[in-house]
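A.B. asks: In the numbering used here, the protein residues as written are 290 to 410.
These are calculated hints, taken from the structure and not from any lab test. Keep in mind the model is a prediction, meaning the values are calculated, not measured. Among these hints, one or two may not hold up.
Stated by the list, open to error - Ranges between beta-carbon positions, derived for each pair:
no., residue 1, residue 2, range
1, Ala342, Phe398, 42 to 50 Å
2, Arg406, Pro362, 39 to 47 Å
3, Ile323, Asn352, 22 to 30 Å
4, Trp354, Val408, 33 to 41 Å
5, Gly347, Arg406, 17 to 25 Å
6, His395, Glu316, 41 to 49 Å
7, Ala342, Pro387, 18 to 26 Å
8, Ile386, Thr321, 26 to 34 Å
Where a beta carbon is used, it is the ideal one built from N, C-alpha and C, also for glycine.
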Amino acid sequence: VAFLLMIICIEVGGQVGQQLTLNPFAEESSFTAIMWVPPIAMVRATTLLGLSAAFGQGLTFDNWWDVAGGAVPISIVWLVCEWFVMFALFLYFDQVIPASWGVKRHPLFCLRARFWRGVCG
Numbered sequence: 290v291a292f293l294l295m296i297i298c299i300e301v302g303g304q305v306g307q308q309l310t311l312n313p314f315a316e317e318s319s320f321t322a323i324m325w326v327p328p329i330a331m332v333r334a335t336t337l338l339g340l341s342a343a344f345g346q347g348l349t350f351d352n353w354w355d356v357a358g359g360a361v362p363i364s365i366v367w368l369v370c371e372w373f374v375m376f377a378l379f380l381y382f383d384q385v386i387p388a389s390w391g392v393k394r395h396p397l398f399c400l401r402a403r404f405w406r407g408v409c410g
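Please put together the full structure from these sequences, using the hints given.
C.D. replies: This is the structure:
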């Protein structure tokens, strides 16, 4: 199921991301709602990198804020932020969802004082 969800997310994200990326009238605000899906941020960055290379406009640190209104560094910032969010979700779900070993915690365990006393000492 997870693999099928990943394939669907990549395909839909790729189609939506390419349609928005190739639209010359798309503003940055139109990307904000969908950039939390990691494949869309990645598709946006790689599409713009490919287009800039295909049309002979090399992308360097000197001009990467000028190419497509700075979409490549913005996409990289989104990907870094997504990494932190996904890592936090991983740590949370690792504690909450039962596994073959370990102790399952209550879904609101991080809101209890006992948890923070153990973390902070």
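A.B. asks: Next, verify each hint and record whether it holds.
C.D. replies: Here is how each hint holds up against the structure:
| no. | hint | result |
| --- | --- | --- |
| 1 | Ala342 - Phe398: 42 to 50 Å | holds (48 Å) |
| 2 | Arg406 - Pro362: 39 to 47 Å | holds (41 Å) |
| 3 | Ile323 - Asn352: 22 to 30 Å | holds (26 Å) |
| 4 | Trp354 - Val408: 33 to 41 Å | holds (39 Å) |
| 5 | Gly347 - Arg406: 17 to 25 Å | violated (54 Å) |
| 6 | His395 - Glu316: 41 to 49 Å | holds (43 Å) |
| 7 | Ala342 - Pro387: 18 to 26 Å | violated (47 Å) |
| 8 | Ile386 - Thr321: 26 to 34 Å | holds (30 Å) |
This entry does not satisfy hints 5, 7, going by the numbered hints stated previously.
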